[in-house]
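Number of protein chains: 4
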Amino acid sequence: MIISMKKGATQEQMDHVKKLIEGFGYRVHESKGSERVLFGAIGDERGKERLTCLEAQPGVEKVIPILNPYKLASRETRHEPTVVDLGLGVKIGGRNLVVIAGPCAVESQQQIMEVASALKDTGAHMLRGGAFKPRTSPYAFQGLKNDGLVLLSEARKAYGLPVITEVMDIGSIDLISEYADCLQVGARNIQNFQLLKEVGRSKKPVLLKRGMSTTIEEFLMSAEYVLSGGNSQVILCERGIRTFETATRNTLDLSAVPVLKEKTHLPVIVDPSHGTGHARYVEPMAYAAIAAGADGLMIEVHPRPEEALSDGPQSLRPHEFRNLMAGVRRVAQAVDRLM
Amino acid sequence: MIISMKKGATQEQMDHVKKLIEGFGYRVHESKGSERVLFGAIGDERGKERLTCLEAQPGVEKVIPILNPYKLASRETRHEPTVVDLGLGVKIGGRNLVVIAGPCAVESQQQIMEVASALKDTGAHMLRGGAFKPRTSPYAFQGLKNDGLVLLSEARKAYGLPVITEVMDIGSIDLISEYADCLQVGARNIQNFQLLKEVGRSKKPVLLKRGMSTTIEEFLMSAEYVLSGGNSQVILCERGIRTFETATRNTLDLSAVPVLKEKTHLPVIVDPSHGTGHARYVEPMAYAAIAAGADGLMIEVHPRPEEALSDGPQSLRPHEFRNLMAGVRRVAQAVDRLM
Amino acid sequence: MIISMKKGATQEQMDHVKKLIEGFGYRVHESKGSERVLFGAIGDERGKERLTCLEAQPGVEKVIPILNPYKLASRETRHEPTVVDLGLGVKIGGRNLVVIAGPCAVESQQQIMEVASALKDTGAHMLRGGAFKPRTSPYAFQGLKNDGLVLLSEARKAYGLPVITEVMDIGSIDLISEYADCLQVGARNIQNFQLLKEVGRSKKPVLLKRGMSTTIEEFLMSAEYVLSGGNSQVILCERGIRTFETATRNTLDLSAVPVLKEKTHLPVIVDPSHGTGHARYVEPMAYAAIAAGADGLMIEVHPRPEEALSDGPQSLRPHEFRNLMAGVRRVAQAVDRLM
Amino acid sequence: MIISMKKGATQEQMDHVKKLIEGFGYRVHESKGSERVLFGAIGDERGKERLTCLEAQPGVEKVIPILNPYKLASRETRHEPTVVDLGLGVKIGGRNLVVIAGPCAVESQQQIMEVASALKDTGAHMLRGGAFKPRTSPYAFQGLKNDGLVLLSEARKAYGLPVITEVMDIGSIDLISEYADCLQVGARNIQNFQLLKEVGRSKKPVLLKRGMSTTIEEFLMSAEYVLSGGNSQVILCERGIRTFETATRNTLDLSAVPVLKEKTHLPVIVDPSHGTGHARYVEPMAYAAIAAGADGLMIEVHPRPEEALSDGPQSLRPHEFRNLMAGVRRVAQAVDRLM
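Protein chains in written order, with my numbering: chain A, 89 to 427; chain B, 89 to 427; chain C, 89 to 427; chain D, 89 to 427.
This is chain A alone, in the form it adopts within the complex (with noise of 0.2 angstroms):
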């Protein structure tokens, strides 16, 4: 941390903020400017976040960090790329793309068995499906509930397809782990810590869903939480962010595929349906998204969005699914990728 003194802070200020510093066990390193003088504290990282109490100090004008807040999610730390093992012999975070994909929620075992059906066909990697769903309003479907992680594991024996659910409190993470091969944090819980802790404990992989106005610094902080509690198997996933644009649902950030890459080891995929929220634009911006280096997508597939109970108007139909796995195919090759 730097910490830049006003214009005019007195000799007093100065040595009471060098002492302060001190007092938090850093040691302090001197910097007069032409107009400015600057401290910065030296020493262990992890709690330098307490140094910025100093900006309530008089003669203090702002405390600027320098280093990351994040450690074990730093490629500082550790530089190979992770590979997370999602069961059922998929891997992702190497050189092969994996591509996740089904309904936006469970509605029955019609339609789930029709979905998996249709991405083994298609040759895609693992199946998704929300058993438990976090919607905006009390009125709307909220999932099958435990009835839908029963259905997801029907449909995971059926087609040897692993499965990936969304866990929503820390009283269902049990529940979950015996239907699911992969956990996933939704985008409105990235900043609910004791969900974050509580994944951490587990043994599953967790998948995390960058929230609509979170900083991939604060992105890559929630995925300390989970390293930290001991789950090294954390994949990230950009889903769009929230901003003044209205023509799609949110503003897929491709650019955090690249910023993430180079700042953390853990592996990145783009889930392009809730990104832009219409069908219509998930084919071009799935492919973008690999050009941009993703390790994988996440996709919504409905056999009939028209009659979906959620997210119908981002879903593809099992052909429009097909035409997109041979287009990614082909984006994936170019960029020296397999799939």
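Hints were generated in silico from the structure; no laboratory data involved.
Predicted, not measured: the structure shown is a model, and the values here were computed from it.
Quick reminder that beta carbons are idealized off the backbone N, C-alpha and C, glycines included.
Don't take each hint at face value.
Chain C regions said to be covered by chain A (calculated; three or more residues, Cβ under 8 angstroms) [said to hold, decoys possible]: (1) 90 to 96; (2) 108 to 121; (3) 124 to 131; (4) 152 to 161; (5) 166 to 174.
One-sided excerpt, in silico: chain D residues whose CB lies under 10 angstroms from chain A [unchecked claim]: (6) I329; (7) G363; (8) R368.
Got chain A sorted already, so can you dock chains B, C and D onto it with the hints?
Structure of chains B, C and D alone, referenced to chain A:
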């Protein structure tokens, strides 16, 4: 809902859309413009969100909502303002303003007693203080937890101030309810729908803080979760939204006050401490909040902000808080409120 | 500026960076932390923006600015508030508040005279009205142009109110200066630097409206363009920024008022009409602006908003404006301002 | 437009609104829902923006637009893609991709010749370079102006590359048209409507860069200004929007590519240099842009970015640009485009 057909939609497509709307249980009203055909879906509002899946149907251009998706939170359902009883004689939602103040986190007995004493002296109405703290970093101070609750209740007893503290997960609602007069749901949990459902079953008043990227409509839908659970004692708190501006920690959206007061009967307060992130901007924004029509304020106060374990830069010292209270009284009078 | 080197930067890279900094004419101050080496560049601030190109140099992690990039607009350069003379005895920037009001666009002689008369009656200080109108659509009313200027000057003469109107291009500055007491640069032109340079050469006061995505720092840099051109009569106007929230036309960033009052000596006013976009929110937000410390207001008033050629939804009727003026007087008194 | 009446609107209010709609020259279609009465205004779309003033009328809840406000830019008006002739045999808008590259600013004869030579070698199609530079700071390099134009035209002649450069004000359009093959309107001038009108009268192709807070609809309205002036040679360029994320200079909104390709017949290109602000993210985002369906790219290239007078951090070195071109060719092939 209005379903707008594409310019070149065929008669067959239009007939199919009409059939689908009727299949969902709505009557259809058709309207032919110079370039578009529109269908209105007439019937029970609560389920209409389902109709958005029609955007996936060939020939449909877009689905446009006309009515608000919330009912219980709406002024149309209940015209008179809701007055919430916060305990120990403090009520919010009428002509009297309520000022809630205290440290970001409970840190020690001395700290919380010192603050509570100062608040009592200046006429503040309620004590805040976090026992369980949501922190972006897993390495930052996470709160005194149960000990913090005990300290809060000691301060409550000593100074006769009702107490509000944050609930971060379902598991601790019962415990916290033993100590606190009001449950706070933090900005990061505003769409943690499981938590909202549970506090909806509580007998305690609930204060909801708007999330960093929560629209006003979504904020009211979160209130609707609590209300539809049976708990009518809900208070809304504007605390800043996330924008491109970095001169302040968040952008305090004070327009949300008159918008909320128009749309809902629930009390609305403002937190200028989190809203601005800097102690020196808290006083003017507190005055602005009252002038804009807020029913109260939530202010962070700490005896020694430069040593605070969290949110030091935005905490007022007791003497600064005293000035603020004097100013708030003057502004309150100017806009015909009591304090 | 501080140049932060990467963790593994080589000695050779560091030496090269030092040489480049010195080559740009700065002294180098080196500082070794536990994980990073930092270089401070010491010397004349104005050109330091150049140093950002060092980010392109191998071994450099990032370049961090420490000082503000503006000089003439800064409180550090001039501590006392600037008082701008708006003509006909109206001055802004001191203890007296200034209310500027009038229609979005001048539409007819009757309209502008009707408004001016109502303003005079209620004690407003200055008349606004667009003659040249920036409109999103090329098919919308573009203003009465020269005829509008003539009508404004007739109203000025008839009611003794100084006049402000928008300048949209360099070519019309001279013409508009013949009729108006103050030149307005609109939100869409706040980074039209050619226009800023030219109004910097004018003898007329200039009101700058913050752009929809202009940071406070950029806003002050736009003021710096005018000031560095030799025109010290600059007024800043907050009028809402663009965010994800759609309940209001823009998000009025009232925190910008105390931030600007801290950073600059220039007068700051607020436009709650554009800020909210709806007449029913203008009154509370006008009060809030004054409570937050604004030096004045800009309010849209139209005799018949339902027939206005532009901005009808956000225009007050004369009797609504009268109420607002009475309320503003009460709030002004509460925060020790005169009107 | 649809005019939605309030729940309790009186018959008198409804009759008055109907009369006003008819007074503006539209037919009224009435529709009674279970809770609201809606009026549709049927007739010529271009003037409908006027109807928004009805929101000021008692009893009216809101005015909801149904149709797009642009005509000439719309795919509904012209279905086939527009192909723009950029000069010297370069055409954009068909199956062939166009790569425009060069330095942010023309700095010297040596610099621009060095870049042009490298571009020619790698198969780039057009040379960019600013002669007149919009800079946030009045103290930063403002471009070589006329000398820069001369240098550009020398490079044009020497290497047979058509040239694009920015037009910042009306006064320099004629001059710049003598030297440049295409006029660029920068992001900060995208709603400088006077400038748009004037380039609409030009015979030169015009490239419009999306502003930092310009919605896609507004972007198309800016194109409509140029088109309605009589100039049909318009190219749109996505270059990043402003959001809360600071890891990149802007947030490159690649979804805008498929959205624009759906809504308009005009060519769409992407500028990943400004979009990301960091050279190391340019390559992946260039690939992503092509994969998303862009018709071309605009890339900043500088022989020595660490000495650039502007935008050094986001400029590629010639050998980095060569790599990018090779990768773009592979991705282009994967999505069935030629280069």
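For which of the previously enumerated hints does the structure constitute a violation, in increasing order of number? Violated: hint 5 alone.
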